[in-house]
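Asks: Chains as they are written, first to last, in our numbering: chain A, 49 to 207; chain B, 49 to 207; chain C, 49 to 207.
In short, the hints are calculated from the structure, not lab data.
Among these hints, one or two may not hold up.
Note: identical chains are not told apart, hence a pair may lie in one copy or across any two.
As a list, the in silico EDC-like pairs of lysine to aspartate or glutamate whose alpha-carbon atoms are at most 16 Å apart [said to hold, decoys possible]:
hint, residue 1, residue 2
1, 144, 110
2, 137, 110
3, 137, 185
4, 53, 187
5, 115, 160
6, 101, 200
7, 106, 162
Note that the structure is a prediction, hence the values are computed from the model and not measured.
Single-letter residue listing:
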Amino acid sequence: MSEQKKTNIILFSGDYDRAMAAYIIANGAAAYDHKVTIFHTFWGLNALRKDEKLRPSKTFMEKMFGKMMPKGAENLPLSKMQYAGMGPKMIKNVMKKHNAMPLDDLISMAQEQEITLLACTMTMDLLGLKEEELLDDIEYGGVAAYIAEGEDGAINLFI
Amino acid sequence: MSEQKKTNIILFSGDYDRAMAAYIIANGAAAYDHKVTIFHTFWGLNALRKDEKLRPSKTFMEKMFGKMMPKGAENLPLSKMQYAGMGPKMIKNVMKKHNAMPLDDLISMAQEQEITLLACTMTMDLLGLKEEELLDDIEYGGVAAYIAEGEDGAINLFI
Amino acid sequence: MSEQKKTNIILFSGDYDRAMAAYIIANGAAAYDHKVTIFHTFWGLNALRKDEKLRPSKTFMEKMFGKMMPKGAENLPLSKMQYAGMGPKMIKNVMKKHNAMPLDDLISMAQEQEITLLACTMTMDLLGLKEEELLDDIEYGGVAAYIAEGEDGAINLFI
């Protein structure tokens, strides 16, 4: 059906709270029957990293990036570190008390709702991230893939 | 009239300069006769806090959040603290010299222009913010309210 | 032709990586024959500054801003300084190895593709930036210019 509305989110940020916002909106749009795609680029790729030790063959620089960047959804930092002491741990405690879904559950829900999770190949190349380090069942593409979806989007956001 | 264009802004950020940008665009769109809604979520809720001492009944955690987060538009921090010494005070001095509107005036203007200011109930719950702590005459809703407006938006932005 | 699709990007951020993302999307959209405009506002104006010594007549405050803010695309900071040691230099080294375009080349390409680069006059006034300090062949406007383009945009982003 060509009438299905589209929501396209570029997730550029690697912050826990911004990634949460992206996935809450995405899951909401999917519940309203939108065709939803999240384009993970730059630091947003970190949300897709597996929380495992892997040893893909990498250059020295790629290894450095790999170590410096957080591994997977539940290890992302908060966007506002200046609120002294309010780290991701505190937010997660509060979320648990309110039965709010943590980010990794929001990502699983997105996959169950058939939201397309796309990893930007250009940034993967730059940061030295390999496909085996990212979640299974995601797609890969560049800016062309984004424009093709975005130009028909009812809702387009950059987060 | 069903032909009225819509502008929908998600204000996620609690930075003074980003909130200013959101309200300047919103007021501009309203002047061009758009139906405008600003969805305040996460730190963006701080722009809606009253600058008063209130004592709603709160849990320990909620009290802590309440103390750590800035209270109201004119107390928000700048997004770029690294520009040494260029705090909100400096920006506000410059703004006054140029007769630019401070954020609280931009918010009043938005209310006069009948822009809908909406507070995200899910984040209010997480951060322990109560309705009595937020400005009067605002609306409340969740992600469903956003999708309903956003899917018809001529301009949709995440700030 | 009235059928040409429009992509409108508000570049608010003065971060090197966010500006790169903005220009990569803009150049991609132009390659797909969109009419593209980038509205540079607040810190995003720094991407348009000439990397030259100029001595326009300024007030004391304007001089201070002028000194504190980075001069031109290649002097912008990264958005994530907390990744210890991963400054713009490191990113640029990696980019060079992968034959990725640095920001100043992305801006030149944008101008060759006839993307409209627009500087927000309200923020120029606030920050004391003069036309002679910004790149040649750009346009000037305010929020009205943005709404006029944005309300017909296929893709509207705030970066």
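Asks: Let me make sure I understand: some of the numbered hints might not hold for this structure. Which ones are they, in numerical order?
Replies: Failing hints, ascending: 3, 4, 5, 6, 7.
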